[in-house]
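Protein chains in written order, with our numbering: chain A, 10 to 345; chain B, 10 to 345; chain C, 10 to 345; chain D, 10 to 345; chain E, 10 to 345; chain F, 10 to 345.
Please keep in mind that the hints were generated in silico from the structure rather than gathered at the bench.
Incorrect hints may have been included.
Because identical chains share one entry, a pair is satisfied inside a single copy or across any pair of copies.
SDA-like mimics (lysine to any residue), calculated; alpha carbons at most 20 Å apart, straight line [what the hints assert, rightly or not]:
1. K76 x Q58
2. K90 x T36
3. K180 x K305
4. K155 x E265
5. K90 x I112
6. K76 x H321
7. K90 x Q33
8. K76 x T29
9. K235 x N299
10. K247 x D257
11. K180 x G56
12. K165 x Q272
Given next are the chains, with one letter for each unit.
There are 6 protein chains.
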Amino acid sequence: MGKVVTLGEIMLRFSTECGTRIAQTETFTAHYGGGEANVAVSLSNYGHQVAFASKVPDNALGEAVKKHLNRYGVDTSYLLKGGPRLGSYYLEAGIGERAASVIYDRAGSSFAVMETAEWDLTQMFAGCDIFHISGITPALSEAWKKLTLELIKTAKQAGCLISFDVNYRGKLWSQKEAGETIRAILPFVDYCSAGKLDAQHFLEVPAYNGTSEDEETTYYYQEMQKKYPNISVFYSTKRKVHSASANDLIGTLWAEGNYYESQCHLIDPIVDRVGGGDAFAGGVLHGLLNKEDYQKVIDFATAASALKHTVHGDCNQFSQQEVESFLAMGSGKIIR
Amino acid sequence: MGKVVTLGEIMLRFSTECGTRIAQTETFTAHYGGGEANVAVSLSNYGHQVAFASKVPDNALGEAVKKHLNRYGVDTSYLLKGGPRLGSYYLEAGIGERAASVIYDRAGSSFAVMETAEWDLTQMFAGCDIFHISGITPALSEAWKKLTLELIKTAKQAGCLISFDVNYRGKLWSQKEAGETIRAILPFVDYCSAGKLDAQHFLEVPAYNGTSEDEETTYYYQEMQKKYPNISVFYSTKRKVHSASANDLIGTLWAEGNYYESQCHLIDPIVDRVGGGDAFAGGVLHGLLNKEDYQKVIDFATAASALKHTVHGDCNQFSQQEVESFLAMGSGKIIR
Amino acid sequence: MGKVVTLGEIMLRFSTECGTRIAQTETFTAHYGGGEANVAVSLSNYGHQVAFASKVPDNALGEAVKKHLNRYGVDTSYLLKGGPRLGSYYLEAGIGERAASVIYDRAGSSFAVMETAEWDLTQMFAGCDIFHISGITPALSEAWKKLTLELIKTAKQAGCLISFDVNYRGKLWSQKEAGETIRAILPFVDYCSAGKLDAQHFLEVPAYNGTSEDEETTYYYQEMQKKYPNISVFYSTKRKVHSASANDLIGTLWAEGNYYESQCHLIDPIVDRVGGGDAFAGGVLHGLLNKEDYQKVIDFATAASALKHTVHGDCNQFSQQEVESFLAMGSGKIIR
Amino acid sequence: MGKVVTLGEIMLRFSTECGTRIAQTETFTAHYGGGEANVAVSLSNYGHQVAFASKVPDNALGEAVKKHLNRYGVDTSYLLKGGPRLGSYYLEAGIGERAASVIYDRAGSSFAVMETAEWDLTQMFAGCDIFHISGITPALSEAWKKLTLELIKTAKQAGCLISFDVNYRGKLWSQKEAGETIRAILPFVDYCSAGKLDAQHFLEVPAYNGTSEDEETTYYYQEMQKKYPNISVFYSTKRKVHSASANDLIGTLWAEGNYYESQCHLIDPIVDRVGGGDAFAGGVLHGLLNKEDYQKVIDFATAASALKHTVHGDCNQFSQQEVESFLAMGSGKIIR
Amino acid sequence: MGKVVTLGEIMLRFSTECGTRIAQTETFTAHYGGGEANVAVSLSNYGHQVAFASKVPDNALGEAVKKHLNRYGVDTSYLLKGGPRLGSYYLEAGIGERAASVIYDRAGSSFAVMETAEWDLTQMFAGCDIFHISGITPALSEAWKKLTLELIKTAKQAGCLISFDVNYRGKLWSQKEAGETIRAILPFVDYCSAGKLDAQHFLEVPAYNGTSEDEETTYYYQEMQKKYPNISVFYSTKRKVHSASANDLIGTLWAEGNYYESQCHLIDPIVDRVGGGDAFAGGVLHGLLNKEDYQKVIDFATAASALKHTVHGDCNQFSQQEVESFLAMGSGKIIR
Amino acid sequence: MGKVVTLGEIMLRFSTECGTRIAQTETFTAHYGGGEANVAVSLSNYGHQVAFASKVPDNALGEAVKKHLNRYGVDTSYLLKGGPRLGSYYLEAGIGERAASVIYDRAGSSFAVMETAEWDLTQMFAGCDIFHISGITPALSEAWKKLTLELIKTAKQAGCLISFDVNYRGKLWSQKEAGETIRAILPFVDYCSAGKLDAQHFLEVPAYNGTSEDEETTYYYQEMQKKYPNISVFYSTKRKVHSASANDLIGTLWAEGNYYESQCHLIDPIVDRVGGGDAFAGGVLHGLLNKEDYQKVIDFATAASALKHTVHGDCNQFSQQEVESFLAMGSGKIIR
């Protein structure tokens, strides 16, 4: 078991019932989540000691965030209270051919308007094995661009391994801006979640010009590895979107010059796709913390992500043992 | 953008939750709809000026109908209030192999018992591009058989194009009675929604005796066209029912001697099938009003119908732009 | 029947179920409303021609606002689309001794950040009998302080009567700032909703130093009238809060030197208090537009407000005839 | 324990949630009930053998009625299936000062259009102690006016006591028509539920011209008794409507020249008032069947009615023992 | 039509909504059911006279069980009231790859702690055609092991045919214990529901060592028949679990030396799998009671089971006619 | 702020919706709670460091309990997992005159069947200010009778103050048995929640024979104090039950020879009464830990209890600041 700090924004998600549009709904389901918070919950579920650092308003919504995290055993000592508002977004669930649609209302949030690292970093990073952060945070403001890099450097100096999820959001910044920032961060990173498009757009890997789909994934990992030999593990998922209700999911991982791939999970129907990637990242970090062999790491992480798709809300609700039983059993069988 | 009048009955639909039967349910979901009203909503969503003419009781249910239509910007100046009751029906949602089942309770409704055209027709048809009506209306009573024909003739004289949806309901009248009435109407029609079975049973087209499924559709359109050269556009859908939860849908259209067909949409799962045909008709009329090329007309209409299947309720909830984005994007992808 | 324009912000309200706190809820009920929009709905329900002018984002939430207003027949020609976001707030329903609590999240809304009057004012005020606006609007920004006064002057010049609801919100501006602004507005006003505290804090009426509760209300009206002889009608409610679930409500009105008061309504239980004041204002304006005698005006308006407390959501759901029947009948009797 | 037959119409009630109007609701709660059916359920709950005779359509709604009655142990051997439709009505729950409102949609129901008594009456009345019917049934049609009288006579001849609930509904027939019919029925009646207004309007009792509220009730019972000495028990409730949410309820009974009155129940809040009178009648008949002393009869019946007001749906959900415990305990105490 | 007695435990099932885990849910759906009770409901739906014998506590939960059974016309004369508690279990619905999970809380129930057959067996078995019981009952206690055999013998002597469903539950007893008990029962059985695993583990049939899947089923039936020539009909389903949401289902039956198999039903999506096997058994017994030919028996039973999967709750909600229409129609078609 | 350990059983409560009976409900709301757990949550809400010691099964229900407590920041290090089951009970909400009714299903729970104190008591009581336990625990078994006393003695020796809530449950043990056990415990107690009936039945205080209601409360406190001079604070509530929906609540406290009483709270309507006493106890202990003056202690505690009645679920959802604002404000006022 390890000790982990994740840091990022956490938002209130307003979801509609499946089959009802935002413009017609009379109720919204409320979920609290964000990439780094979701990773924290996953790791806490698996028995690690995890703190989530962020900032939320000092009102009932901030309190709801705190209670949400506490529920899963996440340490909220570094969840600051103050600032103007909680970021939010509206999600209209997709179904069949129709994709989900999202309205962001995250500007001006308590986290986004932070100008300095208000946490006691010495205390926060003390004894911490992994510091996990994503590419969404530096996209929030000029201040956050600088802060993100500083936090990573501070954590590194404090002896943490750095876990970074590229997580590009085109609605927040341009590819050019993102690329510059990400390339400044990567030399400090140990574990990196990045896929084929990330490799091309931000890590400046030339496009693969072969024809083999299998080779392609390996090619990008190899090229990224060449550019950033400091990164010991790369990972990402390959998702085939049959429809908003049915996806194939395969997890891939590159470590020590070898490529690992999970079995393919057919997720049908999808209950809630939000947080599927975070459950995957949480699963990978869990395996790395426990020094499992890489095949087991990627199998576990992909199973965890597949399970996340079967429950409402952003965060993984499954224990290590439940993920492992799921891996061991076939699809859909009951024991009575 | 055009100006359209649609006329017909609008009913209160009582639906059960999926997985619950009518005989056991403790709640019903209420939706207001009817073929012509649903077409009106679609066209209003796409920016056309649409009035829906009908008659509903002067009570809270009639008021609910008015508010429902107003919500989508449909002009309710010709929604008369009075008469005995609002027609209704109960729909037990189908699922998988089990088909939906319906109990009609529409007899004696304010609309069905009308004896004369109580609207100011001169005003109603003034400047109107299309008058849309269906084969359900003449099926309601002897009076409506006559009234329907008179309304069509009056509209024609006022300069409207006539859009007619055959929409045969075996629970309302016999094939013989329907055939006679429909054949009296068709000489005045410009746009006609009619499929293979309509061609055989009501337009007296001999059954196709070839073996090619592709040829078959064309054959029926050609034969219908021969009989009614006045009709400039025929259209209908080909639906393959895998189960109550999964259907293939293809839109087809015949105009100026050519056959047009949309791509095939796999609708899985189906949220609510009611109004799928009306969304298709609304899409076709929209394209015709905007004088789009026919391939675009049928692509748009079929996409609109596919989208309708993904939302609860009778009426299409999507704007022109949303239908077009859906056509442009693949299945089920999100943009973040 | 008259023609009215109301202008102001409209927001999305997130409400919890009674007995559930914001920090624990898993769902929110969504209602769209705002003082001026609610007045518009009331007047439209009573048969007047009403337009609501505002600005909402060009997304599904803006569309929801438009559909909400259309549903009640309110003209949305002056509902602009654009800008950053829809203002919102969270309401935790009060019950018994426990008061409701509110979290505002309205800063930076599409309406609040407007810098100029983007509407075609000539067209908007043409033929308009009453222009209704409230003291919330000038509180939103420096720009709005100026714009509010300009709009009022423009409307006045176009021949509208000006209806102004003081509606002081301490969370938006100071009493000093509010007082200055309101005193600049009042010389242009014809109908004014203002109570005892408004008189003291913003109209600079010295506090009543007598002992008679009856005299007190009259005193304030008289003094306000002296300061602003241009205002022909003052009105407000006297509410006695037994608990969050039970209130006494009396409507009062001052016109042509006379004081009018409705009967007392015991509202128990209160279903939803939000919009109760707007329903009252809508009732008063309805009576004034129809030139009813003042006693009837205040009776109708107070009954309308009492009825509003019995339904969920911000807006009055009752027709003129329903309010009048309610007045005519005793409390709680059914006719079968 | 006794054997009872009740006969009448049973309808589907569509109710809105409290605080939501019919014209805005998206769901209806479904309850099956009718005066005579509700009495049957009460008596079955108390252990009597009860059959309910009626006619419902041969579809899922008719099946739902059958299952509803079976659930409470009511014998459905005389629940015929066939005819056009199930009668229904819409109930908008009242709250506080606002009364409930009702839209009837019962015309043309399978029961209402019956022309003859389609039951095997010999079998149905064999061994039956009480035949219970109400004044709603003869109001349904000319045929039912005759049939009702015939049924009563047949039951009488078969040895049943006749229980008749006047239950005047002004929406179904005039006072004159009702009076004539009722006066033809009363000579055959043994137990009669009739109040002060019934006495005046249908039994032609001159209005009481004293001032004592206590004497008044006794006066009417005495006068009715004089006119119909064949009736051994008269009963009714005195209800004081504080609001739609709070009522006082007192049960009164006249038998063998004596007047009996229950304690006053303050029912606050009222959950569902529908069926409150039927629960009272069921309680009276139960006491009479068990030959309890009259004070106990009226106490039990009024308690049963008060309890009915605390549950949703038309029918009493309480056993004899539960009603008796309720009588024995004070208000609102729990035993743990 | 026949007369049947089924006997066993009935429990309260607490289910979560699909997509919500037991550890996070705020509500549970309540269903009452158990293998033998579910068979009773099916048979009652098809018009047979069925009594269900069991024991439930004398409280509101016991009353709920009684009302549940009464609703479907099942005779509850042998539903005893008393004992400590109602057994219950929690079901977390499976979805896609994730299987359902169950927590049993059935120990110490009123039924499980019975020591003697408290029913009047002479009366209970009088005129009864079939006595149906399952392998769950003897697994509950040592007392029930003896009682089960005694009940079967008593029923046999009273002239009933014995229907036995092996229904092994590994959480209740060991294979060894089960095998001994079951082998003591089988010599008295006439109709037996047992599949391939039952044959191997309890009937001591050696494992099939061929390669043909078709032959395999026949092999096991043949071998079981050899061991128990007294059993006239064997039946079971072959279920292929694609996922928790999609299963293939084929019914198989062995009678008079011949093998019968239904068409394959693709059940997708599955609404509620609980009771699917009981609906199948109910369908088989119905066919046997009505002396249908065996192919019709197995077709009907499998269709009934497929339909059960489309509704919530343990028990089949379909009449004989509805099952037959379903068989006659294709998948998912509506008639309007 | 202090450090507290509470110990006791925690159960799953199944509640019906108001107006729906247990025997008819189709859903149950799930709440986890128990007297000592609820006190723990209250104290954690007020900022104290609190651990709750108990034992729950090692399944999803045990996990749900853990997550419930974590959510409120309660330390679950001493929440053991194992044993047969989670105790539960069913609560049918009372309303108006009708009292709530309860079905217990708590026998044989993981906590109730404990034979030894399985916790590391040295660690658990280290640095702990108060150990809180109630009279429900020794009522569970003979083992628990002994264990309770041992735990109290161990805590005492470890330097904890002992807080004991008599909390007599007549369904668990006789008054005689309870009296003996309680009298053995009280010599070790510092803070005791006990009312008039407790004084009479368990502390052997002779019944008050005066007539003054005010004197009566004081009398009992004085007599209890005489018998147990070791107890420094006695407290309890006086509740006047107008109905299940409306209660008057007054808090009383006896300390250092003085009597303290809160204002009277009229709680109308009551949302959920369960846990009202625990919220009161939690409020008292909070005040004592913070060494507030006694009047403030009792005012705060009673306000906390009144607030608890306005929310669903067993546990208090209000912070110290919210309780204090509530005390400061009048009833039902909003600040906007």
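Practice prompt. Check K90 against Q33 for me: Cα-Cα at most 20 Å, and say if that holds within a copy, between copies, both or neither.
Written response: Only across copies: K90 and Q33 sit 18 Å apart there, 34 Å inside one copy, limit 20 Å.
Practice prompt. Measure nothing new, just compare the shortest in-copy and cross-copy C-alpha distances for K76 and H321 to 20 Å and report within, between, both or neither.
Written response: Cα proximity of K76 and H321: in one copy and across copies (18 Å, 17 Å).
Practice prompt. Give the relationship of K90 and I112 under a CA distance limit of 20 Å: within one copy only, between copies only, both, or neither.
Written response: between (25 Å within a copy, 15 Å between copies)
Practice prompt. Have a look at K90 and T36 and pick one of within, between, both or neither, based on CA distance no larger than 20 Å.
Written response: neither (28 Å within a copy, 23 Å between copies)
Discussion item. At most 20 Å between alpha carbons: which applies to K165 and Q272, within, between, both or neither?
Written reply: Neither, since 34 Å and 54 Å both go past 20 Å.
Worksheet item: Between the shortest in-copy and the shortest cross-copy C-alpha distance, which are at most 20 Å for K76 and Q58: within, between, both, or neither?
Response: The answer is both: 17 Å in one copy and 16 Å across copies each meet 20 Å.
Discussion item. One pair to classify: K155 and E265, alpha carbons no more than 20 Å apart. Within, between, both, or neither?
Written reply: Neither way: K155 and E265 sit 31 Å apart in one copy and 61 Å across, limit 20 Å.
Fill in: 20 Å Cα threshold - placement of G56 relative to K180
neither (35 Å within a copy, 28 Å between copies)
Discussion item. At most 20 Å between alpha carbons: which applies to K180 and K305, within, between, both or neither?
Written reply: neither (35 Å within a copy, 30 Å between copies)
Worksheet item: Is the C-alpha distance from K76 to T29 at most 20 Å within one copy, between copies, in both cases, or in neither?
Response: between (29 Å within a copy, 15 Å between copies)
Worksheet item: When no copy is specified for K247 and D257, does a C-alpha distance of 20 Å or less occur within a copy, between copies, both, or neither?
Response: Within. Shortest intra-copy distance 8 Å satisfies the 20 Å Cα cut-off; inter-copy 27 Å does not.
Worksheet item: Under a CA distance limit of 20 Å, which applies to K235 and N299: within one copy, between copies, both, or neither?
Response: neither (26 Å within a copy, 56 Å between copies)
In the structure shown, a violation is registered for the earlier hints numbered 2, 3, 4, 9, 11 and 12, in ascending order.
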